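Enquirer: So the chains spell out like this:
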Amino acid sequence: MSGVQLLPAAQAPLLARPYYARGDPGAIVAALAHVPEVLEVAMPFIGTVLGPSSLEARTKEIVILRTSARLGCRFCVQTHTVAARDAGLSPDEVRALRDEAPLAPTFVDPGELALLNWVDAVALGPGPVPAAAREALRSLLGDPALVELTLLVGATVMLNRFCTALELPTAPGVVARLAAEGLA
Amino acid sequence: MTAAVAAAIQDGTLPGRLWLYANYHCNLTCAYCLTESGPKVARRELGRERTLALAQEAAELGFTALGLTGGEPFLLPYLPELLAELAGILPIVCLSNGTMFTRDRLDRLRPLAELPAAIQISLDRPEPNDNDLMRGPENFRKVVDAIPKLVGLGVRVRIATTVASISDGERERLCDLHRRLGVADADHVIRPIIHRGRAVDNRLGVQVTPADLPAELTITADGAFWSPFGPTVHGGRLDTDLLVTRTTTPLRVPAAALLRLVRDQPPGADTQLNIR
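For the record, the sequence lines run as chains A and B.
First residue of the first sequence? That's 1 in the working numbering, and the numbers climb one at a time after it.
First residue of the second sequence? That's 185 in the working numbering, and the numbers climb one at a time after it.
So that you can see chain B by itself, here it is in the shape it has in the complex:
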């Protein structure tokens, strides 16, 4: 089955990126957060050693890239060094809200400039008030302060814009902004809000099925899921509709189960919503 997973990744049947939920807690409480993350939620950390072991096994299984998300991963004190270690195993993108980049943390991120690593920061609107409405006070200011500093270090920065809708004018102003911050168009992604997690309570986002979500294997402290949009939380309870297995180690167990599920998909059941 190990060889079958590698072959499936190589021929495109399975996506090559393995996602890891580093934690579930966050310093923000965004209105559309999939995981109802916030300062007071259970941390549910994957842990440094387990994360490294999973990355190593992912490489051995044939995965080609890693994604690290949360929660806010940079709340974990060991994150900068862990990112460098992970990038030494496979190319990685780490998702962040962009509010945690103190001088000390930036300094510890310097090694990433020489490694296949990117930090993907959320920035939803070109104007502070509109952006902070969804993401919290001072978010815009902190993000536009942090991005040029990261870019200045030589760290690759991507920007993720998550919106229910965006006007042409807003999009143009947002793209002008990220270019001024040093982020190229190729590193800017606009994606829809998904109607899961806190977005359900705030009546935001689009409904999705597995067919809408790339089958990117996603590991959390609670199990393995179909996509990084899978291990959502609503009403304080983990959603299990996109759960693949509770077993996460060895990684070949959920990888093989995911491959079986993907192969059972009817023809044409591929991604429809450009959800990345």
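The following block holds chain A by itself, in its conformation from the complex:
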């Protein structure tokens, strides 16, 4: 049960119709469609920041799933558990990112541990991110990646709150996949 009406295709506003052209556009689009002028700028932004880019898909899904778990977003954790698995993360890695198991035995790469330490600091705040956490990541990845990852955490937090506040329902296909993989 959603906390807001999810607009069906028949009620899709004119600017939102392209997002329905290939069938069910998903709960985020169906909610944003209520304000089509926001939808048509939000979706390219979300797609650019969360989608394929110069950063590895594995890195991005680690960031998104960890952020979503720390923010307690059921919709995003479930949806990005599937995305993380598709990006090559193992079930154990997913469980660790979801705070269902300790990080340390599963994640051993120093770069990924630095990333996770930094993600927790950025996502949870409040206040400045410890300089040590930022510089550890910056020295490994450089400024462009640091900027993009910071925006990725920020966009994920925005979506976490959007999906949680509106109680958006997880897609049935995602729920079925999680059950099939023992990650429900």
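Since the hints were derived computationally from the structure, they do not count as laboratory data.
Since the structure is predicted, the reported quantities are computational estimates derived from the model, not experimental observations.
Note that CB positions come from ideal geometry on N, CA and C, so glycine has one too.
Don't take each hint at face value.
Stretches of chain B that chain A covers, calculated by requiring three or more beta carbons in the stretch to come under 8 Å of a beta carbon on chain A [claimed, not checked]: (1) 417 to 425; (2) 428 to 437.
Ranges of calculated distance between the beta carbons of each label pair, as one might list FRET restraints [what the hints assert, rightly or not]: (3) A21(A) <-> Q391(B): 49 to 57 Å; (4) D24(A) <-> P321(B): 25 to 33 Å; (5) P110(A) <-> G420(B): 44 to 52 Å; (6) E356(B) <-> D24(A): 48 to 56 Å; (7) V41(A) <-> E311(B): 50 to 58 Å; (8) E100(A) <-> G420(B): 42 to 50 Å; (9) T197(B) <-> A10(A): 46 to 54 Å; (10) P18(A) <-> L236(B): 33 to 41 Å; (11) T197(B) <-> T48(A): 52 to 60 Å; (12) Q391(B) <-> E100(A): 49 to 57 Å; (13) D195(B) <-> Q5(A): 37 to 45 Å.
Place chain B on chain A using the hints.
Expert: This is chain B only, laid out in the frame that chain A set:
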């Protein structure tokens, strides 16, 4: 983008009339009402100041005319004076069911005689019983009483006939009637019932797509729409399929969005049903 909207209106890409939904409530509950208007629905008024501001911005953007509709706009106590103010900004047509023209209200409408303003009144059938079947008791009598009084004041009156179908004989009798009331043939429009709003429940009217409706920017309390036939209500819920933007102020935002939508229309996707 402001210049692009003005150019599009000038070259005919965008219609020049901006429609404003003054309110949604009405003293009637017509069988085919697009907005399920009635005495007990939420008013959702645009408001006097906002209406004036939108009209002013419309003029600055290059729109050439205004349309005011509802609901029944004349239920708003400030409507006669507002109409005169709007007509001072751009030529205007105000849609009405024609049942609200008391002596006092008629007197307050006198200034319209000197302004580019018209009142478009609904009259569907030439005989009272047939007309009132769709529009409610006493509608015919009130309308044929009001029209000559408005005409007598020098106010331009148009008549809109909304029907699923009409026989040649009925059309002739209806035209005889409006001529007797002082309304010229050029000011009489016959249009189909649109299958939206209450017409859906009563299984009336024709299905429409955006291609059937002129892309006349329409502003309501709920957002901006493709056409005055867009912001319909069914089952108490606003239809959003012809919503353009929720943003209505500044007006250039929905105007620019509408222009983009119009330019995306495939060739030949123009008006088919003479819906005005």
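Enquirer: Determine for every hint whether it applies to the structure shown.
Expert: Results for each hint:
Coverage of the segment 417 to 425 of chain B by chain A holds. Counting CB-CB distances below 8 Å, 3 residues qualify, and the rule asks for three or more. Remark: the segment 428 to 437 of chain B is confirmed as covered by chain A, as 5 of its residues place a Cβ nearer than 8 Å to a Cβ of that chain, reaching the required three. Checking the proposed 49 to 57 Å range against A21(A) and Q391(B) shows it is violated: the Cβ atoms sit about 21 Å from each other. Evaluation of the 25 to 33 Å hint for D24(A) and P321(B) yields a failure: the beta carbon distance comes to about 47 Å.
For the pair P110(A) and G420(B), the supplied restraint of 44 to 52 Å is violated, since their beta-carbon distance comes to about 60 Å. The hint said 48 to 56 Å for the Cβ distance between E356(B) and D24(A), and at roughly 52 Å that hint holds. The beta-carbon spacing between V41(A) and E311(B), approximately 54 Å, falls within the hinted interval of 50 to 58 Å. In this structure the hint that E100(A) and G420(B) lie 42 to 50 Å apart at CB holds, the actual value being about 45 Å.
Evaluation of the 46 to 54 Å hint for T197(B) and A10(A) yields a failure: the beta carbon distance comes to about 28 Å. At about 36 Å, the beta-carbon gap between P18(A) and L236(B) stays in the expected band of 33 to 41 Å. For T197(B) paired with T48(A), a C-beta distance near 31 Å fails the hint of 52 to 60 Å. At roughly 52 Å, the beta carbons of Q391(B) and E100(A) sit within the given window of 49 to 57 Å.
Taking 37 to 45 Å as the suggested C-beta distance range, the pair D195(B) and Q5(A) conforms, at roughly 39 Å.
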